[in-house]
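Based on the hints, put chain S in the right spot on chain L.
Chains as they are written, first to last, in the numbering used here: chain L, 1 to 291; chain S, 1001 to 1299.
Accuracy of the hints is not assured; some may be wrong.
Rough simulated footprint, nothing fancy, chain S against chain L, three-plus residues with beta-carbon under 8 Å [claimed, not checked]:
{"id": "1", "stretch": "142-151"}
{"id": "2", "stretch": "219-231"}
{"id": "3", "stretch": "236-249"}
{"id": "4", "stretch": "252-260"}
Far from chain L, some chain S residues (derived; all Cβ distances over 10 Å) [stated by the list, open to error]:
{"id": "5", "residue": "1065"}
{"id": "6", "residue": "1102"}
{"id": "7", "residue": "1107"}
{"id": "8", "residue": "1198"}
{"id": "9", "residue": "1199"}
{"id": "10", "residue": "1207"}
{"id": "11", "residue": "1226"}
{"id": "12", "residue": "1245"}
Calculated directly from the structure, the hints in this document are not laboratory data. On a predicted model such as this, the values are computed, not experimentally measured, just so you know. We put the CB at the ideal spot given by N, CA and C, even for glycine.
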Amino acid sequence: MRYRKTVEGIIEKIFFVCGLVSILSVLFITIFIFLRGLPLFQKVPLVSFLFSTNWSPTDTVKPTYGILSFIIGSFYITFGSLLLAVPIGVACGIFLSQIATRTVAKVMRSVVELLAGIPSVIYGFFGVMVLAKLIREIFGGNGYSVLTASIILAIMTLPTIVNITEVSLRAVPQELKEGSLALGATRWQTISKVLVPAARSGIMAGVVLGMGRAIGETMAVLMVAGNAPIMPKGPLSMARTLTMNIVTDMGYAAGDHMTSLFATGIVLFVFILGLNLAVHAIMKRSIKESV
Amino acid sequence: MKKCLKGSALALLTIALLVAPAMVFANGQSDTSAKPAAKVTSYNFGGSTTVEPIITTAIESFAKIHPEARISYDAPGSGPGIQGVIAGTYSLGASSRDISDDEKSKGVVPVAIALDGLSFIVNGSTINIDNLSKTDVAKIFSGEVTNWKQVGGPDAAIVVVVREEGSGTRTAVSDLILAPEFKAKNTASDKYLKEAITTPSNGDMIVKVGSTPNAIGYCGIGYLEDAIAKGGKAVMVNKVAANVANVLNKTYPASRYLYLLHKGDLVAGTVEKAFVDYILSADGQAIVEKAGYIKLPKK
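Next comes chain L alone, as it looks inside the complex:
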């Protein structure tokens, strides 16, 4: 008896330590990014870092570190991808949970899951070889643009949105659906007036999670967005995102240039943290609603 209790105790401790590893990783990475990035603000005012569009960190006369173009670039590309992915993803989720037969849903679900498993460099390669060419032929320009990156990112965020939409629609109590149908509502009326509103918090959480994926994606957008350090002027303009800025200049950066890349990381970190907090808040609300 006593022996069993000690074993239980030890195993509990081991699991607790494993749990700590993830917390410590977050902690150390956070401290590291801040330690390496914050010294920049001793030389460059925060305001000019965040609100200047001039990025010339290796200028020999007067280096400048302004990342506004990249913040805007990140937002353009992220929202562009959501604009494409949300309608398609939510529709797909509704189809999978409410309309499709069991076999069709099974096949479709595994294909969507496969989409999530493709490495981002493959998406990027596809973007360079096929999509950029297509955009160039249809819309003109050089093919590397906000639009190209948004399309690639939309495909990449689809699985997140589809899965969470489907799960939250399935979580809607069966009685609601049955009640609606019993009152004489059509299938579409039931979906649009009863099920989707009941699952809206879950769907929102899926969208925000997809947004997190889109804003953090690096490799695929790096290959198709053109990467020019300019303020994007429209869907066909080239753009650079925060993640792209870090990975582009990382190779040879030194001194203040390197510090400015870590500072870019801090900005990205704050954005992602904000998004995660939003997801938590929405999830909490959705749990409250469903009870």
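Here is chain S on its own, set in the frame of chain L:
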């Protein structure tokens, strides 16, 4: 229990966020100046990022012959490298630009170890230009010329592809093409066009120029064959083709020497002298070629 753990995790994160800035501003400078204590067998070299691939590979193979010498190489750039040699921070420096008379008067002695040549490539399926003047190239990469017909090509917008900030190849274009062109007009040295596709590697550069219609970009001469295989086309500069022979006979305008630097003459028996000799040896020159640069002509 779960709630309490979550609470403590959040508390830890909050503490981290609060403590990190304080730590930075308290001792942010100290960790950058901390260098390993100088041992008898430790050597600190530093300088150009362009020369870095040669030096780092050379250090590895040099260590096999001289296991007693532990050499490190910092790459803050040619300018800081030269300053470091003058100040004595680096016992051996490296530079991708010529040493000025002022720097020579402060005791810097350069030894040429390799040549670097830039080649300009255009998209082979859309642009059939064979030659561009050095001025045309400068105007294209600074954005003064935006259409191919202005330099004798088809009526199409020029798609400029450049390398990232800090890249040695980017700096070479800046130093060899843009600076000489714009210095006469008294403007800043880095006149690069911002609205350009930016790639972080030679490989990506070659693919982008080869696959994007109306594109122009650049790469080291060592990558030229690869670029042509991927759909690129080499252009001559001032009617001189970019090849090793033209770099060696100094007719090709976009080329330069790479140097190792030492304060005062090298003394026989020192590790610095042995290292310079190693890079000038057949083994060292093989490293030069492998890194994509041009080895020195045989005397």
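Against the structure, the hints:
Counting residues of the stretch 142-151 of chain L whose CB falls under 8 Å from any CB of chain S gives 3; the rule of at least 3 is met. Counting residues of the stretch 219-231 of chain L whose beta carbon lies closer than 8 Å to any beta carbon of chain S gives 7, which reaches the threshold of three, so the coverage claim holds. Counting residues of the stretch 236-249 of chain L whose beta carbon lies closer than 8 Å to any beta carbon of chain S gives 5, which meets the minimum of three for the stated coverage. For the stretch 252-260 of chain L, the stated coverage by chain S holds: 5 residues have a C-beta nearer than 8 Å to a C-beta of that chain, and at least 3 were required.
No beta-carbon of chain L is positioned within 10 Å of the beta-carbon of residue 1065 of chain S; the least distance is around 29 Å. Against chain L, the non-interface label of residue 1102 of chain S holds: every CB pair exceeds 10 Å, the least being about 16 Å. Separation of residue 1107 of chain S from chain L is adequate, the least Cβ-Cβ distance of about 23 Å exceeding the 10 Å criterion. Not every beta carbon of chain L lies more than 10 Å from that of residue 1198 of chain S, the smallest distance being close to 4 Å; the non-interface claim is violated.
With 10 Å as the threshold on Cβ separation, the claim that residue 1199 of chain S sits away from chain L is violated: the shortest Cβ distance comes to roughly 7 Å. Listed as a non-interface residue, residue 1207 of chain S fails to keep its Cβ farther than 10 Å from every Cβ of chain L; the least gap is roughly 7 Å. Remark: the non-interface label on residue 1226 of chain S is consistent with the geometry, its nearest Cβ contact in chain L lying 17 Å away (cut-off 10 Å). In this structure residue 1245 of chain S is separated from chain L by more than 10 Å, as the shortest Cβ-Cβ distance comes to about 30 Å.
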